[in-house]
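Could you slot chain B onto chain A? The hints should help.
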Amino acid sequence: EAQVTQNPRYLITVTGKKLTVTCSQNMNHEYMSWYRQDPGLGLRQIYYSMNVEVTDKGDVPEGYKVSRKEKRNFPLILESPSPNQTSLYFCASSLRVSNQPQHFGDGTRLSIL
Amino acid sequence: GENVEQHPSTLSVQEGDSAVIKCTYSDSASNYFPWYKQELGKRPQLIIDIRSNVGEKKDQRIAVTLNKTAKHFSLHITETQPEDSAVYFCAAHKNWMYSGGGADGLTFGKGTHLIIQP
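Protein sequence lines correspond, in order, to chains A and B.
As numbered in this note's numbering, residues 1 to 113 make up the first sequence, in order.
As numbered in this note's numbering, residues 1 to 118 make up the second sequence, in order.
The hints are simulated quantities; they were obtained by calculation from the structure and are not laboratory data.
Mixed in with the good hints, there may be bad ones.
[To be verified] Cut-off 27 Å, straight-line C-alpha distance, at most; resulting in silico cross-link-like pairs (DSS-like, lysine-lysine):
#1 K22/B / K71/B
#2 K42/B / K65/A
#3 K110/B / K65/A
#4 K37/B / K57/A
#5 K57/A / K42/B
[What the hints assert, rightly or not] Ranges of calculated distance between the beta carbons of each label pair, as one might list FRET restraints:
#6 N7/A / N67/B: 39 to 47 Å
#7 G40/A / V20/B: 16 to 24 Å
#8 T78/B / D38/A: 30 to 38 Å
Glycine included, C-beta positions come from ideal geometry on N, C-alpha and C.
Just chain A, same shape as in the assembly (with noise of 0.2 Å):
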């Protein structure tokens, strides 16, 4: 089933507790993005990759570095947590180029104390 995998879905940690959500798809898609979702601020682009080794700043890349070693996963690292940090994550990947239809993960949902 073609699908992207994210882990963990949920998790509670504390402030400058280093951590990382991984993303794999197994769809052989080049593009795979990184979102946060806050409520009434919708969906906001965090990095985002054109291909392995190949990535980018989206619009809030503040407190987050991704790694794109290979084509099918995409991490998301928070090197030192923060409260404001806390949001419901979602990766997403598309065949080539952003302008084709992305597939959602079905999120994770991380709690900065």
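Below, chain B without anything else, positioned relative to chain A:
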């Protein structure tokens, strides 16, 4: 960069009636406009999309119209049913090649909570 405004934020309609959600965008270079439906606690799912070379697209009870001159696009749902209740997001594709650089991806509206009254 791109800015997408979506209205209304909440829309309540009687079952069987039509619902219309409107979005405006700022970047005239945007060329792709998808609509996503998000049910409570679930991921956004694409329901329909339209490209800038097309003025209207229809898929059963759902249609999208695009006015490039005015830079607005709308989602139309006819014969609404209880399962249409959800949050709907419009988005516009930022074409980084023609927008002087910057991020490549979708800019989303803030969402419309559609409530279908029985």
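Structure-based check of all given hints:
This hinted pair checks out: K22/B and K71/B have alpha carbons roughly 11 Å apart, not beyond 27 Å. A C-alpha spacing of about 25 Å is found between K42/B and K65/A, which places the hinted pair at or below 27 Å, so the restraint holds. Between the alpha carbons of K110/B and K65/A the distance comes to roughly 25 Å, so the proposed pair stays at or under 27 Å and holds. Taking the CA atoms of K37/B and K57/A, the gap is about 26 Å. The hint holds against a cut of 27 Å.
Of the pairs offered as hints, the one joining K57/A and K42/B holds, with about 26 Å between alpha carbons and a cut-off of 27 Å not exceeded. For N7/A paired with N67/B, a C-beta distance near 42 Å keeps the hint of 39 to 47 Å intact. With their beta carbons about 21 Å apart, G40/A and V20/B fall inside the hinted range of 16 to 24 Å. Taking the beta carbon of each, T78/B and D38/A are about 32 Å apart, inside 30 to 38 Å as hinted.
Checked against the numbered hints above, the structure violates none of them.
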